[in-house]
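Asker: We have chain A; now place chain B onto it with these hints.
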Amino acid sequence: MENRTPVLKVEDLVVNFGSGSKTVSAVAGVSFEVFEGETLGIVGESGCGKSTTGKALMRIIELTSGTVEIDGVNISTMSKKVLRKARTSMQMIFQDPISSLNPRRRIKDIVAEPLDCWEPNRPDRESIVVDLLNKVGIDPEVYGNRYARQFSGGQCQRISIARSLAMRPKILICDEMVSALDVSVQAQILNLLEDLKKEYGLTLLFIAHDLAVVKNVSDRVAVMYLGKICEIGPSDQLYASPAHPYTKFLLGAALEADPDSDKHDEVLTGEPPSPMNPPSGCRFRTRCPNATQKCADEVPLPQMVGEGHEVACHYPLTITRK
Amino acid sequence: MSNELLVVKDLHTTFATAGGDLPAVDGISFTLGENETLGIVGESGSGKTVLARTIMGLQAIKNATVTGSVKINGSEVVGTSEADKRKIWGTEVAMIFQDPMTSLNPVMRIGKQVDETLRILMGMSKEDAKKRAIELLELVGIPSPEERYEAFPSELSGGMRQRVVIATALACSPKLVLADEPTTGLDVTIQAQILNLLDELKEKMQMSVILITHDLGVVATRTSRIIVMYAGRIVEMGSTQDVFKDHRMPYTRALLESAPKVSNPSHTRLVTIAGRPPNLLALEKGCAFAPRCKYATDKCHNERPELQATGTEGHMFACWNPLTSSRGDA
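If you're matching them up, the sequences are chains A and B in order. Using the working numbering, you'd call the opening residue of the first sequence number 1109 and step up by one each time. Using the working numbering, you'd call the opening residue of the second sequence number 588 and step up by one each time.
Zero decoy hints are in this set.
With a cut-off of at most 27 Å between alpha-carbon atoms, the simulated DSS-like pairs for lysine-lysine come out as follows:
#1 A:K1189 to A:K1278
#2 B:K674 to B:K718
#3 A:K1193 to A:K1305
#4 B:K848 to A:K1305
#5 B:K762 to B:K699
#6 B:K596 to B:K674
#7 B:K881 to A:K1243
#8 B:K848 to A:K1356
#9 B:K848 to A:K1306
#10 A:K1193 to A:K1278
Think of the hints as simulated: they come from the structure by calculation, not from any bench.
Extracted from the complex, chain A is given alone in its bound form:
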């Protein structure tokens, strides 16, 4: 890799819920870096730990172990008080746009809330709000005084974006931010996100289950399965030649809106095992057609299969193919 410094550096992140025999291992040792101006996509099925990872980075969910560094500052051991201030440089947008806004507040106040909290009595409060609402395509003259409950899902997501930008964050964590929207509205929001990313110089962590959506916005993609990253790499390369069998199945299951596409012959059987009792060794081995005894005995470590492309598999596909 080039000599770039990561804006966000996550090392061996572990999140467990519960304790004793009922421990759910939601995130089991995840490490990655996100560089300035980059979008890292995290994709995986429900229960793979992608949302928990996002929330643990913000410390909305406390991490069990591991470190999270923003611009070289370790936030994982900060006290709550110091953390609150540090968190203004990292904002999050959630899945359900309607429930993430207070239905009984005016949207201009919702957007101004971060400012009211951290920089009260700013003389340019109004103009910042007007500017933000304009940026996300909501006319502040007409809609600024309306209540959040008067808006549709797509508009609420625009308002959420405006609010998250109020403190000029460096990093934006988007957790399934378009999954509740119709395709035509989804396209508007994704294009808006790309524009704002350029304009505000944002670094994005884009968490979603939809492979096509993740590819569209991401420079690099990490694929998660049962609390671990099984593959990470530049998005075009990862989608073109997946090295992990799970990635290959996941891509094979993604439906292309083309009647001539012909790729539902290889379907992954079974369902993900319980994170309360994950398989030994490689966590995917119970569903993997290539699994051997080695997969049960040894946890596969990440290995390079291409420029910036790492896979945690004993028998990566791209190597065996050549």
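Answerer: Okay, now just chain B, sitting in the frame of chain A:
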């Protein structure tokens, strides 16, 4: 006429609301043959679910008015009594709902939910029904069906629950199955399993299937015909090939283009449709899509386009300024 399993004629479902009459289904006509799979696509609020529920004859809301005709294998659904509809539910037509958690009774063992219909509609004895229910659970791919017969829905995953819902729907071998967003909310790998299962069962049991979805990927390779809905009306219908490759209605194209594709490189700019789906209480006189359409003219805003044929068999669209055929003017 003999091979037409479902005939829908000029169907209207209107809800009386505080804001006025809401035409959720606004004059829909189509037919469906035996062993055919039809896809109905549209965004939320386009009326696809209300259409399915009207075809089933499920009017949950008292203030709904239904006019027109729905004939399933010759029996009329619109205006018939609940008792008469019960005679065709399960045996002629069945429905698979979106949310497998709320369509199953959470405090009833799943086996009982499957054999309930067998006992009531087919008059099977308790033992026979249980035997058949276990066969059905096996058919839909539930591992160790004898044990699972005793399980409660909360003990199963979403994908497994949807398999139980499918087993319940298919228990009395209906000729027509309406699947309303059967895989929405499921993971992609599970979605592929469920869609393959539906395909398989359709062949095995000789049924016709209507697959209702917002996801064009779901219908692309699994249907022979597609209906595109917008604001309660059909805006385009035709063979799956025609709708995907030779669409004439600008909305169909916009819907296809606005979805990101796995095969496109990252950071591909998406084509968007301005605005958002219309308010059905305040529709324009003309085409409902006109306010969002870049080809709209005065005529579009004032006169409502009716469905017209393209020349290709079964391919129809409702538009004053259709896109030119990608296959040349045939």
